[in-house]
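Protein chains in written order, with my numbering: chain A, 60 to 627; chain B, 1110 to 1292.
Relax, there's no trap hidden among the hints.
Listed next, with one range per pair, are the computed distances between beta-carbon atoms: (1) B/L1213 / A/P246: 34 to 42 Å; (2) A/P246 / B/Q1204: 22 to 30 Å; (3) A/G279 / B/I1207: 41 to 49 Å; (4) B/S1178 / A/K400: 35 to 43 Å; (5) A/A286 / B/D1257: 55 to 63 Å; (6) B/S1236 / A/T171: 39 to 47 Å; (7) B/G1267 / A/E554: 52 to 60 Å; (8) A/S166 / B/D1257: 40 to 48 Å; (9) A/C560 / B/E1167: 55 to 63 Å; (10) B/G1125 / A/T351: 22 to 30 Å; (11) A/K105 / B/E1167: 33 to 41 Å.
As a list, the in silico DSS-like pairs of lysine-lysine whose alpha-carbon atoms are at most 27 Å apart: (12) A/K204 / B/K1137; (13) B/K1180 / A/K357; (14) A/K422 / A/K609; (15) A/K609 / A/K429; (16) A/K348 / B/K1180; (17) A/K418 / A/K406; (18) A/K69 / A/K204; (19) A/K443 / A/K609; (20) A/K64 / A/K105; (21) A/K370 / B/K1180; (22) A/K105 / A/K128; (23) A/K443 / A/K565.
The set of hints was computed from the structure by calculation and includes no laboratory data.
What you are looking at is a predicted structure, and each value in this text was computed from that prediction instead of being measured.
Each residue gets a CB set at the ideal place from its N, CA and C atoms; glycine is no exception.
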Amino acid sequence: MPAEKMTGAKAVLKCLEAEGVEYVFGIPGGAILPIYDALFGFKSLKHVLVRHEQVAAHAAEGYAHATGKVGVCFATSGPGATNLVTGIADAYMDSVPLVAITGNVASSLIGTDAFQEADITGITIPITKHNWLVTDVRELPRIIKEAFYVARTGRPGPVLVDIPKDIQNAEFEFEYPTSVHIPGFLPPVREEPRLADAATLIQGSTRPVIYLGGGVRTAGAHAEVFAFAELIGAPVVTTVHGKGAFPETHPSCLGMFGMHGARYANYTVQHSDLIIALGARFDDRVTGKLSTFAPEAKVVHMDIDPAEISKLVTATVPLVGDLRTLLPQLTEAVRKAFGAKGRPDIKPWLDKVAGWRAKHPLKFTQEGQKYILPQTAIDVIQTKCQGKAIVTTGVGEHQMFAAQYWKTSAPRQFITSGGAGTMGFCLPAAIGAQFGRPGELVIGIDGDGSFQMTSQDLATASEWKLPIKIFIINNLFLGMVRQWQELFYDNRFSETPLADCPDFVKLAEAYGCLGLRARTMEELPGVVDQALAHNDGPVIIDIRVRRQEKVFPIVPAGAPLNDMIDGE
Amino acid sequence: MVSDMESTNGNGNNQGSTHTISLLVENKPGVLHRIASLFSRRGYNIASLTVGPTERPEYSRMTIVVRLSSKTVEQVVRQVQKLIPVVEVRELSPQDLIERELMLVKIRTPEKNHAELKALAETYEASIVDVSPESLIVEATGNAGKLDALEDRLRAYGIQEICRSGRIALERGFKTLAPPALK
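All chains, full assembly: derive it from the sequences and hints.
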């Protein structure tokens, strides 16, 4: 591509075009005006105007989650940029590739406490893989090229490029670089992977368990994981981001384990003699009390990020690398080990796991209940969707009910805020996911508290007539906190009851969306049908559920993983 | 540049022995901030940190001394390695370590003690670099142990101010921390 004279602002758009960006989520403001001016009439990039920058970041995340591509968001300086911070932090915790581009005050004003000035590169250092303040327009193409490369390569994550207004206005000869050279990025792994050692451990294990995290989705290694799991025959447990890494309808899959995992899933991990962790990071929400975690288990830990190895649980055999290339090598090594020394007899172990599963199923009893249970609501929605929807969630009880009861069988079908636990994630993520996968059914499972944190962006969804369906599991509480208050704070419900306000049906209508409500079991199936049949814009469904229903089982904070509390 | 930062978010990482970590970083604005931010966020206590130019103008070398368990130091190195401006990072092995520190000590003491102090300084291969009727400044270089010992001896004379540079270090022999392309 020959050099072409243009402004920095136009160059930003040309860079995004060269990166294949389809959608940008953002809001204009003073310090990013030149970029928005260049955007006016710029054909190859669609901009989605949101109503709050946090939504821009989460929508970009939703898009990235749903497609595997890099999400992009724009914001202006100062409060525009700081409003992105929650979304950037969320993307950092969940390894979501995100490029945030912010305008800043002119270079001459930086450091003077100018109007709408914020040190956004300083602020986002701990929550980005890297960030850049552009000080010379001639460096802009290289920086944006590097930004996309860093965001998507290795363990993905967010990056931020801050562009002062004078740099956006400056003219230069634009040329997009064709290659990237970053000496300090992704140093080569120095040791050969210890595949034979890992295979020996697997061959010698009679109580193995496979633990899948979000890294499987990131690597796109579902087929490789399936082949590996089929060979070993071990039970499979997942994190919330591991949902869809392995079909949850498969008999080997025990679903999510951890704080709200099924009793049988947690027992399996606790009693195992070998944990094979693939693309996971032993978060405290899955391990429970670390010193009592799986006391007899050796650990094979495969991850692309060497800093995750032995961070919390010491790996007996660490395997650093991309799951998609490394896991088939392990599968082959195990096949050889089985061939040479025979398969271990894991039948008694599988019987034991089956026994736990039969004795302690995840269950709820709607019969005899006056009100709809949240679990029932999710079950009915799932049945009506035939399990095919892309699900986004907020954060709270509804999220954990969805994680427990929604059977996810394909990758990138369950989109949630895991590491950061960001309330308000559901609607923006649904918006982003629907843009990313336009022909598919996108539904949100949200809570009444979570929904209200970003509900203003119903305007965005309505404007674009996105056929998303947001089911609000409404218990008029900040339910997860209320649950902890009931269980661990002596029923002192400090600031958790929410007023029956706003009327979500009227709110939906005010935004030009369809609003529906189900209060009883009789109403529920019909309302869900009606919601799913409406494709001319968003639908908000207010499902009134039993207010005191709690997520069980639960491992209290700081307790061992097998020390679970059950329901009433 | 020296720092003696106390971790404010101590997470129990701060027990352990002294380790010297050497970093080769890009000589760009904000790099120190990125590294200090990582240490602070993860609760790694920095005992001393020095940074200065290297044989190549585009890189700086940092020497960071931490008091942590060996396991935590491995984590520190892996986390630091992820920072993009960090081209190389390694814990220097204690056996192969040549480490030096510079110390300036201002002592308020009558002139009659000056001769005695000069003799003491010579024992430690230190020198007197400033003399006034009421005070003098001693300059010393060496490893931390030697400087600690000298500091102890000088205390009796009335130390007014101490400035220590923090440690710099290289490994003995041919091993280097050069950027990969240069090896």
